[in-house]
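Undergrad: Each protein sequence line maps, in turn, to chains R and L. Quick note, the first sequence lines up with residues 1231 to 1340 if you use the numbering used here. Quick note, the second sequence lines up with residues 844 to 956 if you use the numbering used here.
Honestly, I wouldn't trust all of these hints.
Stated by the list, open to error - Using 30 Å as the maximum straight-line C-alpha spacing, the simulated DSSO-like pairs for lysine-lysine come out as follows: (1) K1327(R) <-> K914(L); (2) K852(L) <-> K1266(R); (3) K1300(R) <-> K852(L); (4) K1266(R) <-> K900(L).
Unchecked claim - Derived coverage of chain L by chain R (criterion: at least 3 residues anywhere in the stretch with Cβ under 8 Å from a Cβ of chain R; other residues may be distant): (5) 856-864; (6) 887-895; (7) 910-917.
Derived by calculation from the structure, the hints in this document are not laboratory data. Beta carbons are placed, not taken as given, at the ideal position from N, Cα and C, and that holds for glycine.
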Amino acid sequence: GQQVMQIPQYQHVQEGEDFTTYCNSSTTLSNIQWYKQRPGGHPVFLIQLVKSGEVKKQKRLTFQFGEAKKNSSLHITATQTTDVGTYFCAGYSSASKIIFGSGTRLSIRP
Amino acid sequence: NAGVTQTPKFQVLKTGQSMTLQCAQDMNHNSMYWYRQDPGMGLRLIYYSASEGTTDKGEVPNGYNVSRLNKREFSLRLESAAPSQTSVYFCASSVIRSTDTQYFGPGTRLTVL
């Protein structure tokens, strides 16, 4: 069945450093969504990517969708303490329902 | 708008007990979902409902039943709880499809002893 792998599982950075999480699917995706979950909270939608090679930016966050629509990345420039949380990708292919990655937990040293 | 609400927030059950988790949304969304979240495993879809009166199995449906009572409400029932069902349960909704933005409720933290 479809699998969506996300790496790394954990990332601990100094405030001000950059952060990247990667998502890889075993099948071609129709689209990919990114969600953020603060500690003790619920997932909150960040963005959706649909087109091959698409790049979208939200302030310090940059989202990319691979040319083959099988991988995606989220890059945060100059992390701040407000970025703490777990970042999930969620992929959808025509053959299956939406599948969430296992998430990358970001912690930050002030 | 309250968005997606879930009750209860916390629950402790003994093995074999039954309970129903309630979920309601006030956004007039057609689709609703139940997920469970376990450490290191992300969110796994239990059941979903694409519209009132329809339900479909997700990735991990065994041990659960659901009921889409009306457009607003989607309940999840554990008939005979097992320790393996200890988890955080999230309800979510989207306008039409699962590819639409999903809006999550605050979650129910369930412990089965």
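Undergrad: Hint by hint, where does the structure go against what was stated? Just the numbers, ascending.
TA: 3, 5, 7
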